[in-house]
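Visitor: Chain by chain, the residues run as shown.
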Amino acid sequence: MTHITEIEVLRAGALTTVQDLGRPGWAHLGVPRSGALDPTALRLANRLVGNPEEAAGLEITLTGCAVRLTRATTVAIIGAEVAVRAGERPGDTGRPLSLPAGTVLTIGPARRGVRSWLAVAGGIDVPAVLGSRATDTLSGLGPAPLRDGDRLPVGVPLGEPAPVDVTVGPAPAPELHLTVRLGPRDDWFTPAAVDRLLGTAYTVSPVSNRVGARLAGAPLPRAVAGELPSEGIVLGAVQVPPDGQPLIFLADHPTTGGYPVIGVVTDVTPLAQARPGTTVRFHGPQR
Amino acid sequence: MRIRPVGEHALLLDCTAPALPPAPVPAAALGEATLVEAWRAELWRRREQGDLDAVEIVPAASTLLLDGLRDPAATAALLARWAPTVAATASTATASTATASTATDRPSGDQPGGDRPDGDPSGGAEVVVPVEFDGPDLAVVAEQWSVDVPTVLRRLTGTRFRVAFCGFAPGFPYLTGLPAELALPRLSTPRPRVPAGSVALAGPYAGIYPSASPGGWLLVGRTDLTLFDVHDDPPARLSPGTSVRLAAA
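Chains as they are written, first to last, in the working numbering: chain A, 1 to 287; chain B, 288 to 536.
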């Protein structure tokens with residue numbers, strides 16, 4: 001099928017992937033959920049261009065990207081603080097941008113935060129795999145990360161989007177405060193480990209990606225030696241490998257794993273904007 | 288059985304002895320695997336009936352994860368009242384139902400009322416996997432088991448395996464059925480690339496690599512069978528509960 005509109009990738013950047021709300025329901029086969037690291041941001045970008053919230057868009061990382069739409073279309077960008085240019089003119093994030101046919105759209109690099117989501121009226125219309133168009137960087141399902149010269153099909157726009165008043169949230173914070181619920185394996189750690197987790201600051205390590213945010217800080221000592229048999233993992237699980245440095249699982253996390261999970265972070269979306277070196281503090285749930 | 292909290296939307300059903308840290312694999316794994324399989328069948332059946340709203344039911348070595356629950360506390364109260372039929376599960380491992388092989392792993396959290404047959408604790412028909420037993424680690428396995436290579440092959444082809452769980456990669460099955468005392472260590476240095484279709488052993492499990500990947504399991508053979516294809520329905524040939532026999536190709 002020939003699509004009326006296509007996206008031409010002029011500069012793919014460090015990591016630009018197709019993302020939607022992921023593929024839940026297949027974890028028992030070892031298929032990760034994947035999807036946008038900040039689904040709320042992607043949903044909003046979709047609403048701004050009149051798409052269903054679950055339409056596929058692009059997730060753009062740090063260094064940005066440049067694309068050209070072959071036909072006149074509407075786009076919206078939500079996420080990191082980035083410079084946007086539509087041809088020669090500056091563009092804004094957080095509102096719909098009408099682009100004439102052939103406009104070169106340049107996004108980023110990010111000045112604050114890490115990731116942006118680009119929605120295009122009609123949505124990115126690559127074939128769905130197990131119900132989702134998301135790129136899963138762990139298992140390799142979905143389209144490969146974009147490369148210079150790629151062309152992506154765009155679906156048919158549904159029509160005029162509803163008006164939106166306020167769209168831009170607060171800028172990424174220099175220090176993240178994450179709520180963590182202990183369990184399921186907090187009893188594999190010493191009481192001192194739980195005190196450290198909740199009482200000291202960690203920093204986001206450079207070896208972080210869509211699978212997980214690795215943290216550096218006070219190591220979390222184990223109370224139980226030996227290996228944990230492999231068990232199911234949820235989004236936001238704080239897993240502790242033998243070096244004691246915690247790792248928070250994000251969208252492309254594996255479905256089962258063999259290191260004990262000391263607790264689960266309630267909302268991981270702020271981590272989508274956490275640059276290496278960002279301070280992370282854990283708190284118990286509010287009572 | 289013990290229910291452990293997992294964040295705001297999930298529970299972990301722990302099939303190890305209550306209030307004790309789980310014993311490491313392999314000592315207790317096989318008895319627990321039977322209980323996990325019984326609970327898997329029970330929970331899939333309960334979800335099919337609409338008694339359980341989990342989006343994901345993920346069996347593993349000695350636990351099941353229930354994720355995407357609207358009210359974990361209410362689900363925990365239900366779980367305390369439910370019981371799986373362990374004896375039935377153990378015995379029906381030999382009673383295949385020929386019609387069930389393609390209908391067992393639709394995620395009914397998204398599609399309630401799917402076509403999974405009710406109350407089929409064996410999880411479907413037996414799948415015969417043709418294997419060319421020419422793996423580079425056969426001699427290592429024979430040495431570890433203190434037998435000769437033909438005996439290794441007889442043990443592998445004579446074992447009624449069952450998919451305990453999947454993980455590591457889409458469609459990678461962890462097959463139980465070997466006696467616990469035959470558990471094997473992983474390679475101290477994993478291979479950077481294990482070819483797709485490799486049949487391998489590690490711990491108390493057998494496994495089959497659905498696609499090429501790094502891996503540290505001991506390689507005993509290879510199969511041409513496609514284990515995972517996103518265009519198939521269901522995408523995985525071997526899903527939790529499926530009975531598996533390895534046959535010399």
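FYI, nobody ran anything at the bench for these hints, they're computed from the structure.
Being a predicted model, the structure only gives us computed values, none of them experimental.
Incorrect hints may appear among the rest.
[Claimed, not checked] Computed spacing ranges between beta-carbons, pair by pair:
#1 A:Q245 with B:G318: 46 to 54 Å
#2 B:T438 with A:R275: 37 to 45 Å
#3 A:P276 with B:R478: 29 to 37 Å
#4 B:R480 with A:E227: 24 to 32 Å
#5 B:T476 with A:P276: 28 to 36 Å
#6 B:S433 with A:A225: 27 to 35 Å
#7 A:G140 with B:L365: 34 to 42 Å
#8 A:G149 with B:R478: 31 to 39 Å
#9 B:R441 with A:G277: 52 to 60 Å
[To be verified] To give an idea of the interface, some chain A residues facing chain B are shown, with a C-beta separation under 8 Å as derived from the structure:
#10 G30
#11 R181
#12 S205
#13 N209
The C-beta atom is built at its ideal place from N, Cα and C for all residues, glycine as well.
Visitor: Which numbered conditions among the earlier hints are violated in the structure presented, ordered from lowest to highest?
Guide: Going through the list in order, the structure violates hints 1, 2, 12, 13 and respects the others.
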